[in-house]
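J.: Chain residues, written in single-letter form:
There are 2 protein chains.
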Amino acid sequence: MTEDREKTVDGLSEEERDARHAEKMKKKKAARDKILATKTIEKGLVIVHTGKGKGKSTAAFGLVFRAIGNGMKVGIVQFVKGKWATGERVALERFPDQVTITAMGDGFTWETQDRQRDIAAARAAWERAKAMILDEEHDMVLLDELNIVLRYDYLDVAEVAEFLETKPEMKHVIVTGRNAKDELIEIADLVTEMEMVKHPFRSGVKAQKGIEF
Amino acid sequence: MTEDREKTVDGLSEEERDARHAEKMKKKKAARDKILATKTIEKGLVIVHTGKGKGKSTAAFGLVFRAIGNGMKVGIVQFVKGKWATGERVALERFPDQVTITAMGDGFTWETQDRQRDIAAARAAWERAKAMILDEEHDMVLLDELNIVLRYDYLDVAEVAEFLETKPEMKHVIVTGRNAKDELIEIADLVTEMEMVKHPFRSGVKAQKGIEF
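Top to bottom, those sequences are chains A and B. Just so you know, the UniProt record's numbering puts 167 at position 167 of the first sequence, and the rest follows in order with no gaps. Just so you know, the UniProt record's numbering puts 142 at position 142 of the second sequence, and the rest follows in order with no gaps.
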């Protein structure tokens, strides 16, 4: 920036680059504004976070806090017990009037190794989830790790998809967990796949406070 | 479940399926426990959230809250001004002793159309980021949308990568934004790519409170 007048590698002076940049950005902004003007519908979304990478529940957790910050009320059903540890709980407990958390009765499948108990717990959690989605109190409902329960066929995906498709119009529902089933993706409004590019486990790093829990 | 004794489609009775499931899950748990036992290193991670999908900043925001819930202190530098709106701010303001937020001085590129001003603002924000990473107060520093600034070459990626590679050992640093540069991915510990599978914009749905902002 001290050599404004000199030609740079691409044969343009800094001033020419600035002018070109301003022109390009102006066009970009116009195009963006035009697109935004066509987006007028407001509706409750069915959001799915899936994929093998990290960030599925964490991004859902971020959405929950964004909603809380906007004064909305949020219901959370944890289909895998014990996955959300101290960090989330402590932060959520600061907003007792806005957040309701329900955890599925029993531990996760490879801890319990009891399929019938897991099926019963999944069914109970789903009944609770439906009630939260139907009530008028909550603006957003997070069904954390529901995909895992669906993957093991502890709940019928057709039943879940049909319920979500006919949910109250303005209610936002977030579903997390790897291996989201096609039937769920089909009825969802927003689906993001978190892909793992690089993971610290590979270098022997353990799960750490503030990152994994 | 009312017909326990009958054979199901896969030729197994419910009881046989339960037994097989218990055995499978037991093996899974043993394998998982064995892997976890080898993960012993604790270190501050360089985490990158990139990709064209949603959830990059939102997942970072979730990590921030998880850290806050664990009593950690977090510094945030926003390289794109005005991207985080009411929702995040209000929720973060409940934790004034644990969170420090700095926003890059000026608006985003296609709003300002002034390249030199953006370069100066990016440089100032990076200096602030370095100070936060070096100080002992913060356990985690979020560099939100740094990738965008690097993509426009407003900052030198080699300089950024070198700094992050030699950062204080226990400090966690999160970088978000699409198009993460290879030099950054190279030195990162954990990289997640958020892929867009389905987006509500396609059906004319506008950005909504509690979801986009």
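Treat the hints as calculated values from the structure; they're not laboratory data. Just so you know, not all the hints are guaranteed correct.
Copies of the same chain look alike in the list, so a pair counts if it works inside one copy or between any two.
Computed cross-link-like contacts, SDA-like style, restricted to lysine to any residue with a CA-CA straight-line distance of at most 25 Å [what the hints assert, rightly or not]:
{"#": "1", "residue 1": "K26", "residue 2": "R151"}
{"#": "2", "residue 1": "K27", "residue 2": "P168"}
{"#": "3", "residue 1": "K73", "residue 2": "F95"}
{"#": "4", "residue 1": "K198", "residue 2": "A37"}
{"#": "5", "residue 1": "K39", "residue 2": "A207"}
{"#": "6", "residue 1": "K27", "residue 2": "I148"}
{"#": "7", "residue 1": "K209", "residue 2": "V197"}
{"#": "8", "residue 1": "K43", "residue 2": "T166"}
{"#": "9", "residue 1": "K34", "residue 2": "M72"}
{"#": "10", "residue 1": "K28", "residue 2": "A161"}
{"#": "11", "residue 1": "K167", "residue 2": "Y154"}
{"#": "12", "residue 1": "K209", "residue 2": "L134"}
{"#": "13", "residue 1": "K130", "residue 2": "R117"}
{"#": "14", "residue 1": "K198", "residue 2": "R178"}
{"#": "15", "residue 1": "K34", "residue 2": "R178"}
J.: Now tell me if each hint is right for this structure.
T.: Right, here's what the structure says about each hint:
1. Proximity of K26 to R151 under the C-alpha cut-off of 25 Å is restricted to the inter-copy arrangement: shortest distance 18 Å between copies versus 47 Å within a copy.
2. For a Cα distance limit of 25 Å, the shortest separation of K27 from P168 qualifies neither inside one copy, at 39 Å, nor across copies, at 42 Å.
3. For the identical chains of this complex, K73 and F95 are neighbours both inside a copy (10 Å) and across copies (19 Å), given an alpha-carbon limit of 25 Å.
4. In this assembly of identical chains, K198 and A37 lie within 25 Å of each other by CA distance solely across copies; the values are 20 Å between and 38 Å within a copy.
5. For a Cα distance limit of 25 Å, the shortest separation of K39 from A207 across copies, 8 Å, qualifies, whereas the shortest one inside one copy, 41 Å, does not.
6. Taking the shortest alpha-carbon separations for K27 and I148, only the inter-copy value of 18 Å comes in at or below 25 Å, while the best intra-copy value is 45 Å.
7. For the identical chains of this complex, K209 and V197 are intra-copy neighbours only, at 22 Å inside a copy versus 31 Å across copies, given an alpha-carbon limit of 25 Å.
8. Taking identical chains as interchangeable, the C-alpha atoms of K43 and T166 lie at most 25 Å apart only when both belong to the same chain, with a minimum of 13 Å there against 46 Å between chains.
9. Proximity of K34 and M72 under a CA criterion of 25 Å is satisfied in neither setting, with 30 Å inside one chain copy and 43 Å between copies.
10. When the C-alpha separation of K28 and A161 is checked against a cutoff of 25 Å, the pair qualifies neither within a copy, at 38 Å, nor between copies, at 29 Å.
11. When the C-alpha separation of K167 and Y154 is checked against a cutoff of 25 Å, the pair qualifies only within one copy, where the shortest distance is 21 Å, while the shortest distance between copies is 46 Å.
12. Taking the shortest alpha-carbon separations for K209 and L134, only the inter-copy value of 20 Å comes in at or below 25 Å, while the best intra-copy value is 35 Å.
13. In this assembly of identical chains, K130 and R117 lie within 25 Å of each other by CA distance solely inside one copy; the values are 20 Å within and 51 Å between copies.
14. For the identical chains of this complex, K198 and R178 are neighbours both inside a copy (17 Å) and across copies (16 Å), given an alpha-carbon limit of 25 Å.
15. For the homomeric pair K34 and R178, the shortest alpha-carbon distance between copies (22 Å) is at most 25 Å, but the shortest distance inside one copy (36 Å) is not.
Comparing the model with each numbered hint stated earlier shows that hints 2, 9, 10 do not hold.
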